[in-house]
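Chains V and B, in that order, are what the protein sequence lines are. Take 1 as the starting number for the first sequence in my numbering and just add one per residue. Take 116 as the starting number for the second sequence in my numbering and just add one per residue.
Just so you know, not all the hints are guaranteed correct.
Taking beta-carbon pairs under 8 angstroms as the criterion, some of the chain V residues facing chain B (in silico) [to be verified]: (1) E42; (2) G43; (3) K49; (4) V87; (5) F89; (6) N102; (7) L103; (8) F105.
Derived by calculation from the structure, the hints in this document are not laboratory data. Cβ atoms here follow ideal geometry from the backbone N, Cα and C, with glycine treated the same way.
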Amino acid sequence: GNSVTQMEGPVTLSEEAFLTINCTYTATGYPSLFWYVQYPGEGLQLLLKATKADDKGSNKGFEATYRKETTSFHLEKGSVQVSDSAVYFCALSGNYGGSQGNLIFGKGTKLSVKP
Amino acid sequence: KAGVTQTPRYLIKTRGQQVTLSCSPISGHRSVSWYQQTPGQGLQFLFEYFSETQRNKGNFPGRFSGRQFSNSRSEMNVSTLELGDSALYLCASSLEQGGTKNIQYFGAGTRLSVL
Chain V
1 GNSVTQMEGP
11 VTLSEEAFLT
21 INCTYTATGY
31 PSLFWYVQYP
41 GEGLQLLLKA
51 TKADDKGSNK
61 GFEATYRKET
71 TSFHLEKGSV
81 QVSDSAVYFC
91 ALSGNYGGSQ
101 GNLIFGKGTK
111 LSVKP
Chain B
116 KAGVTQTPRY
126 LIKTRGQQVT
136 LSCSPISGHR
146 SVSWYQQTPG
156 QGLQFLFEYF
166 SETQRNKGNF
176 PGRFSGRQFS
186 NSRSEMNVST
196 LELGDSALYL
206 CASSLEQGGT
216 KNIQYFGAGT
226 RLSVL
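Please work from the sequences and hints to get the whole structure.
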């Protein structure tokens with residue numbers, strides 16, 4: 001079945017460091033891919049998305065490129081801030097030919113950024 | 116425009132009781148999905164509703180049920196609560212039914228504690 005694997009956390013970085021959170025997926029067909037972020041005590045917020053191969057999603061300095069050849073959707077940011085501390089989830093759409101509105105999530109990666 | 120609203124934010128129940136959680140989607144959104152988030156299992160899909168019909172269901176026992184009303188508001192019910200049902204329950208709404216490109220917007224969740 002479809003699945004998402006993302007790197008284990010927690011990840012601790014100093015402010016202005018470079019961030020990479022790895023995400024790979026297993027799926028048949030062409031799912032859409034997403035990164036969601038969850039701040040403490042809150043629900044999930046969509047960070048960025050990509051709907052087809054080679055698409056690059058970007059938002060708030062974060063980027064991820066849909067790589068079909070490596071089945072990956074790694075999240076990157078050139079210079080992290082303390083306010084980026086959160087849990088990041090990689091996800092794919094559960095069904096891309098039909099009507100199923102479910103997302104399949106990775107386990108999440110907790111990021112802590114120190115001043 | 117108001118976001119996805121979930122009530123209540125916190126609930127404490129005892130084993131064997133039942134509970135009902137409520138979700139009001141973003142105005143105009145017709146699809147509502149529910150997810151369970153636990154430290155051990157991560158985010159897992161429960162079910163999706165569209166136009167008052169359950170369109171997809173995750174791998175949860177029949178104690179978990181839901182419904183959607185004509186105004187797109189949704190409720191989920193858990194009967195005969197077990198300790199393992201303690202979790203954050205997240206509701207997400209989207210404009211259309213499933214699909215690969217629909218963005219799901221999440222509420223802040225209801226944290227259920229079963230004692």
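### Task
Please name the hints from earlier in the document that this structure breaks, with their numbers sorted from lowest to highest.
Per hint list: single violation, 4.
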